[in-house]
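**Student:** For the protein sequence lines, the chains are D and B, in the order given.
Under this note's numbering, the first residue of the first sequence is numbered 1, with each subsequent residue one higher.
Under this note's numbering, the first residue of the second sequence is numbered 1001, with each subsequent residue one higher.
By construction, these hints were calculated from the structure, which means they are not laboratory data.
Glycine included, C-beta positions come from ideal geometry on N, C-alpha and C.
Coverage of chain B stretches by chain D, computed from C-beta distances (three or more under 8 Å per stretch; other residues unrestricted):
#, region
1, 1040-1051
2, 1077-1091
3, 1099-1109
Listed next, the in silico DSS-like pairs over lysine-lysine satisfying Cα-Cα at most 30 Å (straight line):
#, chain 1, residue 1, chain 2, residue 2
4, D, Lys-9, B, Lys-1009
5, B, Lys-1022, B, Lys-1073
6, B, Lys-1009, D, Lys-57
7, B, Lys-1057, B, Lys-1073
8, D, Lys-9, D, Lys-57
9, D, Lys-71, D, Lys-57
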Amino acid sequence: NAGVTQTPKFQVLKTGQSMTLQCAQDMNHNSMYWYRQDPGMGLRLIYYSASEGTTDKGEVPNGYNVSRLNKREFSLRLESAAPSQTSVYFCASSERFGGNQPQHFGDGTRLSIL
Amino acid sequence: AQRVTQPEKLLSVFKGAPVELKCNYSYSGSPELFWYVQYSRQRLQLLLRHISRESIKGFTADLNKGETSFHLKKPFAQEEDSAMYYCALGGFSSGSARQLTFGSGTQLTVLP
Chain D
1 NAGVTQTPKF QVLKTGQSMT LQCAQDMNHN SMYWYRQDPG MGLRLIYYSA SEGTTDKGEV
61 PNGYNVSRLN KREFSLRLES AAPSQTSVYF CASSERFGGN QPQHFGDGTR LSIL
Chain B
1001 AQRVTQPEKL LSVFKGAPVE LKCNYSYSGS PELFWYVQYS RQRLQLLLRH ISRESIKGFT
1061 ADLNKGETSF HLKKPFAQEE DSAMYYCALG GFSSGSARQL TFGSGTQLTV LP
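Chain B extracted, bound-state conformation:
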């Protein structure tokens, strides 16, 4: 069974401090990992995906297959980063496409 664990429900950091949102997964196939973000009063939107290997709004995430992790990092947090962040797992298993499984989310608050 595929599973996504986000151990922190709430995370607070001060503006300018580094931030890391943790995501661990269990999956038997070839995983695809995503981070989605939901800003206050906005719809859920894709932040980044591991296959793109890009930095969005200063955030990066590296897939570590050995540790089965996909932590989201930003070196200097900004107040506008305050939002709910969801890690999501998809991919393929036994040759079949799998639907996304979402973690329970981490509410990030960046304090002034």
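Bound conformation, chain D alone:
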């Protein structure tokens, strides 16, 4: 029962490098989300995909792009990494979009930008 799988688990980048974080879910969920977790700030929504074929900005989208590759996969791309993007990134999914839907989370990706 994998649920939500994120790769990689850890990554160190240099400023200006690009990288894609991968996320896949095996629960046939329609909606997927990317969050970043920073000390003292909780989880902040970067982008979400309410359903296959749609993506929308969340609270902190600057510097990121996303792709909903298919129903299972939702990737997050940093085109030119900056030290301010050092964070723990979580992918989540829910059966449907909406604030009454419980979300299922992956293990997170710990990303450091030097």
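Given chain D, work out where chain B should sit, using these hints.
**Tutor:** Using the frame of chain D, we list chain B on its own:
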């Protein structure tokens, strides 16, 4: 704008003592409240939601719309309750579904 406030970043209690983790929210629509928990080296997981009105691992939370609060309570804390707890707010506003907004979290430590 929807907002969730968890005033305590850190909370320590002794085993067997009651514990209350505070959560206050501001929201203009019909709120849905959740508590999520992240144990050490585990993924974030749903603990409970107000609509279920259930007790999970001895925890309960009551939605108080008058005080706009959704505090998490447990009468007798256990060491295994030590974790990071996040309050989250979702629901509907102007007929549209809203995404979840998370509080900044409270790190609970239960001392032996």
